[in-house]
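Using the supplied hints, reconstruct the complex from the two chains, each of which is provided in its own coordinate frame.
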Amino acid sequence: EDQVTQSPEALRLQEGESSSLNCSYTVSGLRGLFWYRQDPGKGPEFLFTLYSAGEEKEKERLKATLTKKESFLHITAPKPEDSATYLCAVQAGNQFYFGTGTSLTVIP
Amino acid sequence: DAGVTQSPTHLIKTRGQHVTLRCSPISGHKSVSWYQQVLGQGPQFIFQYYEKEERGRGNFPDRFSARQFPNYSSELNVNALLLGDSALYLCASSLRGGTGVNQPQHFGDGTRLSIL
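Residue numbers (our numbering), protein chains in the order written: chain A, 1 to 108; chain B, 1001 to 1116.
In short, the hints are calculated from the structure, not lab data. Treat the hints with caution; some may be incorrect.
Said to hold, decoys possible - Label pairs and their calculated CB-CB ranges: (1) A/THR26 with B/SER1065: 21 to 31 Å; (2) B/LEU1082 with A/GLU56: 38 to 48 Å; (3) A/HIS74 with B/GLY1003: 19 to 29 Å; (4) B/THR1014 with A/GLU58: 46 to 56 Å; (5) B/ARG1112 with A/THR5: 18 to 28 Å; (6) A/SER28 with B/HIS1018: 27 to 37 Å; (7) B/GLN1041 with A/THR76: 21 to 31 Å; (8) B/THR1014 with A/GLU17: 46 to 56 Å; (9) A/THR26 with B/GLY1003: 27 to 37 Å; (10) A/PRO40 with B/ARG1063: 24 to 34 Å.
Keep in mind it's a predicted model, so treat the numbers as computed, not measured. Where a beta carbon is used, it is the ideal one built from N, C-alpha and C, also for glycine.
Only chain B is shown next, with the shape it has when bound in the complex (with noise of 0.2 Å):
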């Protein structure tokens, strides 16, 4: 079976740009969460989305968005670029979501993301 697949691997932008991020999650998995991972530091959390809605938000600007669709995929979006949004962003997948789920994230190997 498929893991966590994302796309693009491998990104460069310029600041004041747009960046569009896409993950699919594992099948059978209804939740989506994404990491922000900064070289030689933990990831960050971004985001949880579980059946389409929003039910995790870390410590992010509102620069940052995100969405889930009705087949599970995901999208994070970032506005108005600066140098420091330079990172690997991760996305993840679990079987469920939410306050009162404690169920182990499956990740992706990223999208390094290069901000000029």
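This is chain A alone, in the form it adopts within the complex (with noise of 0.2 Å):
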């Protein structure tokens, strides 16, 4: 079955304090690997796109890689407006999959 799978649910960090966010997945025929970032009450913002494993993208404090069986979003250096919920999703053929997101909190 396919599935997407992201950890941790919830992340609480203080300012400036570095981590990573996971992003496993079991697909057939994976056609890329997307991160979104979403604000209460607001549809998903596009982050990144990853299509084949090795892949790093890179956008001010947040870097994406993929391997064959997962992704991660490292936070280097957080700040206070990166608190938000951040999805993977993952297409495979023609049908796309969101994980549940991690809520990200950034403590000033």
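Written as structure tokens, this is what we have:
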């Protein structure tokens, strides 16, 4: 069964305290893995697309990496404005699967 | 440039009624997808349309249907509403769609549907 699992469910960090979020997947025929940020009451905001194992993408304090079974979203020296729910999604064939997200809170 | 726009933003219906949700994609985007997001969960894929044809379907009952118009806007229809249909309905657009395409989707802020 195609599945996407994110961990941890929730994460509290002090401002400046770096950490990583995990997205593990079991799908057949991965076509792409996507990271999104979602703020309360808003739709998901696109962050990154990763297509193949070994690929890395960076944007400001965020860096996404991909292996054959999982992806990591590394957050370096986070700021309070990075607080949000981070969602991972995979495309397999013509299906899209989202994880349940990691709720990140960055404390000043 | 305008992002993905959805209407209405909020809607209250009663069980058994029918609802139509609307979505306008980003200019130049030809594919639209629909998702259902229950509070505390990730979005669940309902449909993808590209060039007015259904290109993908998630595990939702036949009460859910959609269509895409020549201007690439889309409607999601839900019949015989159940309490469990209460959720945030999200629309996403991408340049292209279909099995062989792996492009990022850009989301609107959704329609909050409440069933009484």
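Margin query: Hints numbered earlier in the text: which of these fail when held up against the supplied structure?
Written below: Failing hints: none at all.
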